[in-house]
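> Once you have looked at the hints, place chain B on chain A.
Chain residues, written in single-letter form:
Number of protein chains: 2
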Amino acid sequence: MGKIPYKTYLTEEEIPKQWYNVRADMKEQHDPLLDPATLKPVATEDLYPIFCEELSKQEMDSTTRYIDIPEPVREFYRMFRPSPLIRAYNLEKALDTPARIYYKFEGNNTSGSHKLNAAAAMAYYAKAQGLTSLTTETGAGQWGTALAQACAFFGLDLTVFMVKVSYMQKPFRKGVMETYGAKVIPSPSDVTSVGRAILADNPDTGGSLGCAISEAIEMSMTDEKCRYALGSVLNQVLLHQSIIGLESKIAMEKIGEYPDIIIGCAGGGSNLGGLMSAFMQDKLTGKTDSRFIAVEPASCPSLTRGKYAYDFCDTGKITPLARMYTLGSGFMPSPNHAGGLRYHGMSPILSKLYHDGYMEAVSVEQSKVFEAATLFCRQEQILPAPESAHAIHSAIEEALKCKESGEAKTILFGLTGTGYFDMSAYMHFNEGTMNDHIPTDEELELGFATLPPVD
Amino acid sequence: MGKIPYKTYLTEEEIPKQWYNVRADMKEQHDPLLDPATLKPVATEDLYPIFCEELSKQEMDSTTRYIDIPEPVREFYRMFRPSPLIRAYNLEKALDTPARIYYKFEGNNTSGSHKLNAAAAMAYYAKAQGLTSLTTETGAGQWGTALAQACAFFGLDLTVFMVKVSYMQKPFRKGVMETYGAKVIPSPSDVTSVGRAILADNPDTGGSLGCAISEAIEMSMTDEKCRYALGSVLNQVLLHQSIIGLESKIAMEKIGEYPDIIIGCAGGGSNLGGLMSAFMQDKLTGKTDSRFIAVEPASCPSLTRGKYAYDFCDTGKITPLARMYTLGSGFMPSPNHAGGLRYHGMSPILSKLYHDGYMEAVSVEQSKVFEAATLFCRQEQILPAPESAHAIHSAIEEALKCKESGEAKTILFGLTGTGYFDMSAYMHFNEGTMNDHIPTDEELELGFATLPPVD
Chain A
10 MGKIPYKTYL
20 TEEEIPKQWY
30 NVRADMKEQH
40 DPLLDPATLK
50 PVATEDLYPI
60 FCEELSKQEM
70 DSTTRYIDIP
80 EPVREFYRMF
90 RPSPLIRAYN
100 LEKALDTPAR
110 IYYKFEGNNT
120 SGSHKLNAAA
130 AMAYYAKAQG
140 LTSLTTETGA
150 GQWGTALAQA
160 CAFFGLDLTV
170 FMVKVSYMQK
180 PFRKGVMETY
190 GAKVIPSPSD
200 VTSVGRAILA
210 DNPDTGGSLG
220 CAISEAIEMS
230 MTDEKCRYAL
240 GSVLNQVLLH
250 QSIIGLESKI
260 AMEKIGEYPD
270 IIIGCAGGGS
280 NLGGLMSAFM
290 QDKLTGKTDS
300 RFIAVEPASC
310 PSLTRGKYAY
320 DFCDTGKITP
330 LARMYTLGSG
340 FMPSPNHAGG
350 LRYHGMSPIL
360 SKLYHDGYME
370 AVSVEQSKVF
380 EAATLFCRQE
390 QILPAPESAH
400 AIHSAIEEAL
410 KCKESGEAKT
420 ILFGLTGTGY
430 FDMSAYMHFN
440 EGTMNDHIPT
450 DEELELGFAT
460 LPPVD
Chain B
10 MGKIPYKTYL
20 TEEEIPKQWY
30 NVRADMKEQH
40 DPLLDPATLK
50 PVATEDLYPI
60 FCEELSKQEM
70 DSTTRYIDIP
80 EPVREFYRMF
90 RPSPLIRAYN
100 LEKALDTPAR
110 IYYKFEGNNT
120 SGSHKLNAAA
130 AMAYYAKAQG
140 LTSLTTETGA
150 GQWGTALAQA
160 CAFFGLDLTV
170 FMVKVSYMQK
180 PFRKGVMETY
190 GAKVIPSPSD
200 VTSVGRAILA
210 DNPDTGGSLG
220 CAISEAIEMS
230 MTDEKCRYAL
240 GSVLNQVLLH
250 QSIIGLESKI
260 AMEKIGEYPD
270 IIIGCAGGGS
280 NLGGLMSAFM
290 QDKLTGKTDS
300 RFIAVEPASC
310 PSLTRGKYAY
320 DFCDTGKITP
330 LARMYTLGSG
340 FMPSPNHAGG
350 LRYHGMSPIL
360 SKLYHDGYME
370 AVSVEQSKVF
380 EAATLFCRQE
390 QILPAPESAH
400 AIHSAIEEAL
410 KCKESGEAKT
420 ILFGLTGTGY
430 FDMSAYMHFN
440 EGTMNDHIPT
450 DEELELGFAT
460 LPPVD
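First to last, the protein sequences are chains A and B. So for the first sequence, the numbering used here puts the first residue at 10; every next one is plus one. So for the second sequence, the numbering used here puts the first residue at 10; every next one is plus one.
Chain A on its own, in the form it takes in the complex (with noise of 0.2 Å):
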């Protein structure tokens, strides 16, 4: 074999025509969502007036290894898959590390991100069982823009809850999800009983992820053609983001390798667990002892100091519960936060397998992000999203400790995106405006102490 190239692509006929259900391989399953009312366990049913029902299963179904990818959403994936498999050549030389640096790279669409991969199932979905809207809720807006371009190309209206503080920060987002014709709300907004109530406890309030999840699914539920539609933490958002790992795993066949290390930023989990389960099939099946590490913000530290607990999915406190690592549905990360992965809680697919010790989690302050994608963007070229940034720091991080041992270790890391929106945060981290906030004790506690009294 000759030099393995910077960028190993698939041909368009390998693209994976399955998805791969994680769950179908895991020794122990998930605790259920229960129903926080009852505390019974949810049946699918019970999920049909907030999903779609295809969509429903696949949240609910623990043991079909491998579920179709329906020829439309491969359609779509065709215009913007297969991603890239790179060679980071630049970056080990400018670490001078023995060690070999592979990132897939999901950010070259205009969503900027991976997410894309699952918007594109679930307005599929929806459009397949007659509905004619979504709703959903955005943070840093890499997932509104993936849902809005999905409902574009398969004709549905979709109205967005935009977290108010980022729909200030990063007006253009709004933008390029209104030119995929959206319809975009600042939220806490006045549309909702929930939005109401929120901005009457507290009328000056940047808002939430898990408050946005409240208004959307609010929203969902007046209307009989209309479902909610989540980017990230479920299980469906997993099996379909499985398609990362299974791209990955089989270029990483095409030049005869295989990662000892995979790495990737964990905000719900959506990116991570998609990178990872085609691997993680292999660790659990005992074919291999690959190490994965969750990389996640030190200001939203689910799975470093969470508790492993049922929580609600939302602020307002009408979904299921779930039993994953958690801040507290009322948990808020500094407003000095850039970037996503500002999520409470994490997805239980994850929260589970890193219970029962298949995955480590380290936490990185924000300041130390951008130093990393700062190196990265000058050696590879590519600007990173903050949320990528993550992983490359922990990638760097284990490139140098191979360069102390001397070990030639083959790294994986997901570059899930690129920061073209994310510039007022690079600009305040090259100005040295840029502060880290780490939550004290006290600060968690409060966020704690929005726990719901379950176990």
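If you are wondering where the hints come from, they were derived from the structure by calculation, not from laboratory data. Computed from a prediction, not measured in an experiment: that's the story for all the values here. We put the CB at the ideal spot given by N, CA and C, even for glycine. Take the hints with a grain of salt, since some may be wrong.
Some, not all, of what chain B presents toward chain A, calculated at C-beta under 7 Å [unchecked claim]: (1) 87; (2) 184; (3) 310; (4) 432; (5) 436.
Here are the simulated lysine-lysine pairs, DSSO-like style, with alpha carbons at most 30 Å apart [as the list claims (entries may be wrong)]: (6) A:26 x B:192; (7) B:102 x A:26; (8) A:192 x B:12; (9) A:16 x B:16; (10) B:136 x A:16; (11) B:102 x A:136; (12) B:102 x A:234; (13) A:263 x B:12; (14) B:418 x A:12; (15) B:26 x A:16; (16) A:102 x B:192.
If you anchor each label on the Cβ, the simulated ranges turn out as follows [as the list claims (entries may be wrong)]: (17) B:13 x A:79: 33 to 39 Å; (18) A:75 x B:343: 56 to 62 Å; (19) A:180 x B:449: 31 to 37 Å; (20) A:13 x B:27: 21 to 27 Å; (21) A:265 x B:13: 50 to 56 Å; (22) B:345 x A:441: 33 to 39 Å.
Positioned in the frame of chain A, the structure of chain B alone reads:
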């Protein structure tokens, strides 16, 4: 052969190893650059104080057909090339046209455009000559970003004079350039004498590309280890950009296609010149008879309403004179004009080819450009740069003519970049507050009055 894929990539080995110099196949050369003081043709050495030596030689070389791409530039290219040739299946479907529409997408890199192709070459040659810094100008920001990326990689300091109105409208472009270590100065500025003179005349001016060029050249002259770099118009730029067309041609051969019509937006000519040159070779040598269409903004119509005359390349009148289609170096496009394509002149090579009947030109009003952009982004899922959307508009028009005539022509256009930093223009369009300004004959006369008395 099976179905043509959505995206055709070359392998990294297939990326051309030489640039193509279209002048070597032109029957007649464009008129020489003239020294404005003596009106004598400029010699290669006369350019050495402005450009580094290798680039000066490339600028004047009309006979070498193929020029080797240096290995470090090829290494840089491998980080973002090959770019995909994309079949616009979904746009075709939306238009219900028998035409086959392809686009070469050059926007999947952080600069957001094809500009990185020339930036890599210029930074490399400057470094190889032992220089320590470059200066340049930027309007919409793609070129400044591209050169900032290349300078960060090759280890050069960079000062960018950014047209003041863009500097104000696009603070995030400045942020990207600074993240790559460049110094960004709004132009006109008080750091050059030409800037101070312009400010003295007109303290409230928003600046122009021609003025920023003057400032960048003046600054480069003050330091023996510094030279100036320009991202369009020049022969060297068309040479470096020839990689676009060379790759496109190989990709089309792979899928058994050859374009009947080649379409590119045209400001100074960097993209169109690069996209078309490999195909123009076939036309110049009598092998094919494709149509070539330059699409320019109605607000800055150098080909369609300009004069073919000797003119300065800058507002400060310190550059050599070039014979080109021009609106006069004093012409200023309306402040309503969004994006790039605002230069007063046009590449001498393209001007000559147009003058000699090898190429057509059309102009499009801004609101029609954004209509085309919106249709395109909803179908093809890529939000185009306003510049690129000029070519989209023309491609759609040609595809609709095919629908009328029933002809299944093959159309190739250049999707030069993405519009992620142009959202304020999109938002004006979405809100119905975008104005189309087409210069009146009287306004054009004001520009022509600034032409030097040559010929």
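> Compare the structure with each hint and give your call.
Results for each hint:
Using the Cβ-Cβ criterion of 7 Å, the hint placing residue 87 of chain B at the interface with chain A is satisfied: the shortest such distance is roughly 4 Å. Interface restraint check for residue 184 of chain B: the shortest CB-CB distance to chain A comes to about 4 Å, inside 7 Å, so the restraint holds. This hint is violated: residue 310 of chain B has a C-beta 26 Å from the nearest C-beta of chain A, more than the 7 Å allowed. For residue 432 of chain B, the shortest C-beta to C-beta distance to chain A is roughly 4 Å, which falls under 7 Å, so the interface hint holds.
The beta carbon of residue 436 of chain B comes within 4 Å of a beta carbon in chain A, closer than 7 Å, and the hint placing it at the interface holds. In summary, the hint linking residue 26 of chain A to residue 192 of chain B is not supported, as the alpha carbons are separated by about 48 Å, beyond the 30 Å threshold. Only pairs whose Cα atoms come within 30 Å are accepted, and residue 102 of chain B paired with residue 26 of chain A is accepted, the gap being roughly 24 Å. The hinted pair formed by residue 192 of chain A and residue 12 of chain B fails the criterion: a straight-line CA distance of about 37 Å is larger than 30 Å.
Using a Cα cut-off of 30 Å, the hinted pair residue 16 of chain A and residue 16 of chain B holds, with the two alpha carbons roughly 15 Å apart. Of the pairs offered as hints, the one joining residue 136 of chain B and residue 16 of chain A holds, with about 26 Å between alpha carbons and a cut-off of 30 Å not exceeded. Restraint check for residue 102 of chain B and residue 136 of chain A: the C-alpha separation of about 19 Å stays at or below 30 Å, so the hint holds. Among the hinted pairs, residue 102 of chain B with residue 234 of chain A is consistent with the structure: their alpha-carbon atoms are about 27 Å apart, no more than 30 Å.
Restraint check for residue 263 of chain A and residue 12 of chain B: the C-alpha separation of about 23 Å stays at or below 30 Å, so the hint holds. With a CA separation close to 40 Å, the supplied pair residue 418 of chain B and residue 12 of chain A exceeds the 30 Å bound. For the given pair, residue 26 of chain B sits about 18 Å from residue 16 of chain A by alpha-carbon distance, which is consistent with the 30 Å threshold. The suggested pairing of residue 102 of chain A with residue 192 of chain B holds, with an alpha-carbon distance near 26 Å, which does not exceed 30 Å.
As the Cβ distance of residue 13 of chain B to residue 79 of chain A is approximately 22 Å, the hint placing it in 33 to 39 Å is violated. Checking the proposed 56 to 62 Å range against residue 75 of chain A and residue 343 of chain B shows it holds: the Cβ atoms sit about 57 Å from each other. The hint said 31 to 37 Å for the Cβ distance between residue 180 of chain A and residue 449 of chain B, and at roughly 34 Å that hint holds. One distance hint, 21 to 27 Å for the beta-carbon pair residue 13 of chain A and residue 27 of chain B, holds here, with the actual separation near 24 Å.
The supplied range of 50 to 56 Å is broken by residue 265 of chain A and residue 13 of chain B, whose beta-carbon atoms lie about 30 Å from each other. Here the CB-CB span from residue 345 of chain B to residue 441 of chain A is close to 37 Å, well matched to the stated 33 to 39 Å.
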